[in-house]
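Novice: Given next are the chains, with one letter for each unit.
2 protein chains.
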Amino acid sequence: MIIDGKKVALDIRNRIKSHLENFPHTTITLATVIVGSNPASQLYVGMKHREANAAGIQSKRIELDENISQQELEQQISLLADDDDIHGILVQLPLPKHLNKEKMLEKIPPKKDVDGLTDINMGRLLQGQKQLVPCTPLGVMRLIEAYGIKTSGKNAVVVGRSSLVGLPQVLLLAERGADATVTLAHSRTQDLAAICKNADILVSAVGSPALINEAFIKPGAMVFDVGVTRLENQTIQGDVDFEAAKKIAAGITPMPGGTGPMTVACLLENTILAATLQGVLPRSH
Amino acid sequence: MIIDGKKVALDIRNRIKSHLENFPHTTITLATVIVGSNPASQLYVGMKHREANAAGIQSKRIELDENISQQELEQQISLLADDDDIHGILVQLPLPKHLNKEKMLEKIPPKKDVDGLTDINMGRLLQGQKQLVPCTPLGVMRLIEAYGIKTSGKNAVVVGRSSLVGLPQVLLLAERGADATVTLAHSRTQDLAAICKNADILVSAVGSPALINEAFIKPGAMVFDVGVTRLENQTIQGDVDFEAAKKIAAGITPMPGGTGPMTVACLLENTILAATLQGVLPRSH
Numbered sequence: 010m011i012i013d014g015k016k017v018a019l020d021i022r023n024r025i026k027s028h029l030e031n032f033p034h035t036t037i038t039l040a041t042v043i044v045g046s047n048p049a050s051q052l053y054v055g056m057k058h059r060e061a062n063a064a065g066i067q068s069k070r071i072e073l074d075e076n077i078s079q080q081e082l083e084q085q086i087s088l089l090a091d092d093d094d095i096h097g098i099l100v101q102l103p104l105p106k107h108l109n110k111e112k113m114l115e116k117i118p119p120k121k122d123v124d125g126l127t128d129i130n131m132g133r134l135l136q137g138q139k140q141l142v143p144c145t146p147l148g149v150m151r152l153i154e155a156y157g158i159k160t161s162g163k164n165a166v167v168v169g170r171s172s173l174v175g176l177p178q179v180l181l182l183a184e185r186g187a188d189a190t191v192t193l194a195h196s197r198t199q200d201l202a203a204i205c206k207n208a209d210i211l212v213s214a215v216g217s218p219a220l221i222n223e224a225f226i227k228p229g230a231m232v233f234d235v236g237v238t239r240l241e242n243q244t245i246q247g248d249v250d251f252e253a254a255k256k257i258a259a260g261i262t263p264m265p266g267g268t269g270p271m272t273v274a275c276l277l278e279n280t281i282l283a284a285t286l287q288g289v290l291p292r293s294h
Numbered sequence: 010m011i012i013d014g015k016k017v018a019l020d021i022r023n024r025i026k027s028h029l030e031n032f033p034h035t036t037i038t039l040a041t042v043i044v045g046s047n048p049a050s051q052l053y054v055g056m057k058h059r060e061a062n063a064a065g066i067q068s069k070r071i072e073l074d075e076n077i078s079q080q081e082l083e084q085q086i087s088l089l090a091d092d093d094d095i096h097g098i099l100v101q102l103p104l105p106k107h108l109n110k111e112k113m114l115e116k117i118p119p120k121k122d123v124d125g126l127t128d129i130n131m132g133r134l135l136q137g138q139k140q141l142v143p144c145t146p147l148g149v150m151r152l153i154e155a156y157g158i159k160t161s162g163k164n165a166v167v168v169g170r171s172s173l174v175g176l177p178q179v180l181l182l183a184e185r186g187a188d189a190t191v192t193l194a195h196s197r198t199q200d201l202a203a204i205c206k207n208a209d210i211l212v213s214a215v216g217s218p219a220l221i222n223e224a225f226i227k228p229g230a231m232v233f234d235v236g237v238t239r240l241e242n243q244t245i246q247g248d249v250d251f252e253a254a255k256k257i258a259a260g261i262t263p264m265p266g267g268t269g270p271m272t273v274a275c276l277l278e279n280t281i282l283a284a285t286l287q288g289v290l291p292r293s294h
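Residue numbers (the working numbering), protein chains in the order written: chain A, 10 to 294; chain B, 10 to 294.
Take these hints with a grain of salt, some might be off.
One copy or two, either will do: identical chains are not told apart, so a pair holds if it fits within one copy or between any two.
As the list claims (entries may be wrong) - Only pairs whose alpha carbons sit at most 30 Å apart, straight line, appear in this in silico BS3-like list of lysine-lysine:
id : residue 1 : residue 2
1  : Lys255    : Lys112
2  : Lys69     : Lys16
3  : Lys112    : Lys26
4  : Lys116    : Lys16
5  : Lys227    : Lys116
6  : Lys116    : Lys256
7  : Lys256    : Lys69
8  : Lys69     : Lys159
9  : Lys26     : Lys255
10 : Lys112    : Lys159
11 : Lys206    : Lys112
12 : Lys159    : Lys255
13 : Lys159    : Lys116
Don't read these hints as lab results, they were simulated from the structure.
Fair warning: this is a prediction, and the values are worked out from it, not measured in the lab.
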């Protein structure tokens, strides 16, 4: 089975659009901040704006000069933080090397932090009090839910220990309600293939092209490919050798069309949640 | 081998005492807050004061009435937060049921949060920017260091997913530098014995007496018992069946005298770190 991220993402977008149609006098706005002219960042931000607009969410694009100072960047973020008409703030990463990401993130109010990257939102996730959580691991959870994949008591393996994907993925898979037994593997893991082969649910978030081949996959496993490597020919390649893996896995995300669209859909979902936390939209149900 | 937490804790206490003797005109003060008269809480807080004083750290004990309101509790915390002569604030948990722990924790400044429980300190741990981290999992790491136990590439299993112990333990074992492959198991884990039997390093933090017996232990494993159950006869019992496990494990913490003293030692260590973060003590080395 191909796990169709494009379709599930479209369902989420349509659900948001219908929800917002109930509030014709309310405008929800997502602000994106992009520093410099990295082409991949431009591409990602452009896609986020298109999807937001298709869901009925307005967007505001702030483009800042590559050489902006830390102080000026923080001032720009503070303007958005103080603006009641802005409900979500997304700063496209990575920033140019001279800028301090942590200090910048401190300027984003937790309730507008649609990427779930601030210390407070990360801390709430760790405390079992999650609100806004990182979009990529949330997207994997939404695929699991959409396909009715059982997680309770199952063995999950997450490969990669980034604070953006791997670590929150471990917490989301292991939390009460999901209840998977989760193993966190990474570059220092010995015999990665054997560990992955034990996974009923495998999430790879490394960025190492075709790292995961048939020797890594348990027959019947569900495989989620989150790693993205941009090849010289401008195509993207996941962590998983798709053709090899799909013969053994029961379900697998393609690349593109798998976890990528879900990241964007969860950004929209987080923007709605942010507006709800700010009291601009009512709590549904 | 018995992993002697009492001895390592004493070493830490003595190191802190020597360090503080370099600053005879500086007084470091740990404030403890205890609500109500739970005898176990009284016992723990008393021990923390004794150990602090033995290390040359002053302590201040605030006892509050069982029926204190949330607002009054928060006011008391705010007084300590604003007092430059107080360097660490520890609120003994659990609180009486009518009080909101999360709202109380928000009043503790992250730099005085010697239990590492605030959202911001938890978030920093998840982001790989740790400062003050929870004392019990930190104590296990200090035992691992003191005994020169290799973690890189080893399989570690953490049983129990509390935000106070299990989850931060996973992060500390898997972070760069420690580099273990870590599995998080819990009450919904299937075949817990088989999963534990794969662990080179096993940390149990459940609170289920003698849950871990010889069938759970890989020959040569290092076993850290963090679970504490208070029996009717007022003795304490760990998660590990010590007599059965010690025949198979290469190293094991006893109970008492294992991870318990380390929790208190790490509270002292965190108090010194807190004072350092506040600029009251210089950064050493």
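Novice: Up to 30 Å between alpha-carbons, please classify Lys206 paired with Lys112: within, between, both or neither.
Specialist: neither (40 Å within a copy, 43 Å between copies)
Novice: Is it within, between, both or neither when you check Lys116 against Lys16 at 30 Å Cα-Cα?
Specialist: neither (35 Å within a copy, 44 Å between copies)
Novice: My question is about Lys69 and Lys16: at a cut-off of 30 Å on alpha-carbon distance, are they close within one copy, between copies, both, or neither?
Specialist: within (26 Å within a copy, 60 Å between copies)
Novice: Checking an output row: Lys255 and Lys112, CA cutoff 30 Å. Within, between, both or neither?
Specialist: neither (43 Å within a copy, 48 Å between copies)
Novice: Is it within a copy, between copies, both, or neither that the alpha carbon of Lys227 lies no farther than 30 Å from that of Lys116?
Specialist: For Lys227 and Lys116, neither the intra-copy (44 Å) nor the inter-copy (48 Å) Cα distance is at most 30 Å.
Novice: How would you classify Lys159 and Lys116 at a CA-CA limit of 30 Å: within, between, both, or neither?
Specialist: Neither: 39 Å inside a chain and 40 Å across chains, both beyond 30 Å.
Novice: 30 Å Cα cut-off: does Lys112 pair with Lys26 within a copy, between copies, both or neither?
Specialist: neither (34 Å within a copy, 34 Å between copies)
Novice: Taking 30 Å as the upper bound on the Cα-Cα distance, should Lys69 and Lys159 be classified as within, between, both, or neither?
Specialist: Cα proximity of Lys69 and Lys159: none, with 39 Å in one copy and 51 Å across.
Novice: Please work out whether the CA atoms of Lys159 and Lys255 approach to 30 Å or closer within one copy, between two copies, in both situations, or in neither?
Specialist: within (19 Å within a copy, 37 Å between copies)
Novice: As a check of your reading, is Lys26 near Lys255 (CA-CA no more than 30 Å) within one copy, between copies, both or neither?
Specialist: neither (34 Å within a copy, 60 Å between copies)
Novice: Tell me, please, which holds for Lys256 and Lys69 at an alpha-carbon limit of 30 Å: within, between, both or neither?
Specialist: neither (44 Å within a copy, 65 Å between copies)
Novice: Which holds for Lys112 with Lys159 at a C-alpha limit of 30 Å: within a copy, between copies, both or neither?
Specialist: neither (39 Å within a copy, 34 Å between copies)
In terms of the numbered hints stated before, the structure departs from hints 1, 3, 4, 5, 6, 7, 8, 9, 10, 11, 13, listed from lowest to highest.
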